[in-house]
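Visitor: Sequence:
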Amino acid sequence: DPPPQSKRSNVEAWTAAIDNAKAQLEHQATRIVNLELALKFAPAAWRARNAWAEAMIMQYEKEVERARTSMNALNVTRKLQQEAAAKEFGALEREWYATTAKCVAIESAILDLEAKLGAAK
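Per my numbering, the very first residue in the sequence shown carries number 1; after that it's consecutive.
A couple of the hints might just be wrong.
What the hints assert, rightly or not - Derived BS3-like pairs (lysine-lysine); straight-line CA-CA distance at most 30 Å:
#1 Lys87 <-> Lys102
#2 Lys116 <-> Lys102
#3 Lys22 <-> Lys40
#4 Lys102 <-> Lys121
#5 Lys22 <-> Lys7
#6 Lys62 <-> Lys79
To be verified - Computed beta-carbon distance windows for the label pairs:
#7 Cys103 <-> Arg66: 52 to 62 Å
#8 Ala29 <-> Met71: 57 to 67 Å
#9 Arg78 <-> Met58: 23 to 33 Å
#10 Met56 <-> Trp96: 49 to 59 Å
Source of the hints: derived by calculation from the structure; they are not laboratory data. C-beta: ideal position from N, C-alpha, C; glycine also.
Sequences and hints are given; from them, build the entire structure.
Guide: See below:
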């Protein structure tokens, strides 16, 4: 940009404007070099980064699969243990009912005998 209208006759203002234009031109040249370098090297870097990301994803997926397999094995083991415990509880419950029934029968027999003894006196 040229200097303001009031400073257009000032040599220092024109020198500053020229220096500014040179700096902007150098900045644009640097941007062009950076873009050219990006065009040349960025695709390979991008592909390398994508390959690394895909490898990490595959590793995490394997870890997730191992965790799922371990979890499923644990669930199967727990289910089998619970089914075995259910059978044992069922057997214990049947034994308790049988013992309770015997106790009731014995108590009933005792009451009958006591009644007969009382009637015999």
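Visitor: Now tell me if each hint is right for this structure.
Guide: The hints, checked one at a time:
At most 30 Å may separate the alpha-carbon atoms for a hinted pair to count; Lys87 and Lys102 meet this at roughly 23 Å. For the hint linking Lys116 to Lys102, the alpha-carbon distance of about 21 Å falls within 30 Å, and the restraint holds. Restraint check for Lys22 and Lys40: satisfied, since their Cα atoms lie roughly 27 Å apart, inside the 30 Å limit. For the suggested pair Lys102 and Lys121, the alpha carbons sit about 28 Å apart, so the restraint of at most 30 Å is met.
Pair hint Lys22 plus Lys7 holds up; C-alpha atoms about 19 Å apart against a cutoff of 30 Å. Using a Cα cut-off of 30 Å, the hinted pair Lys62 and Lys79 holds, with the two alpha carbons roughly 25 Å apart. The hint said 52 to 62 Å for the Cβ distance between Cys103 and Arg66, and at roughly 54 Å that hint holds. For Ala29 and Met71, the hinted distance range of 57 to 67 Å is satisfied, since their beta carbons lie about 60 Å from each other.
The hinted range of 23 to 33 Å is satisfied by Arg78 and Met58, whose Cβ atoms lie roughly 30 Å apart. The given range of 49 to 59 Å is respected by Met56 and Trp96, whose C-beta atoms sit roughly 58 Å from each other.
The structure meets every hint from the earlier list without exception.
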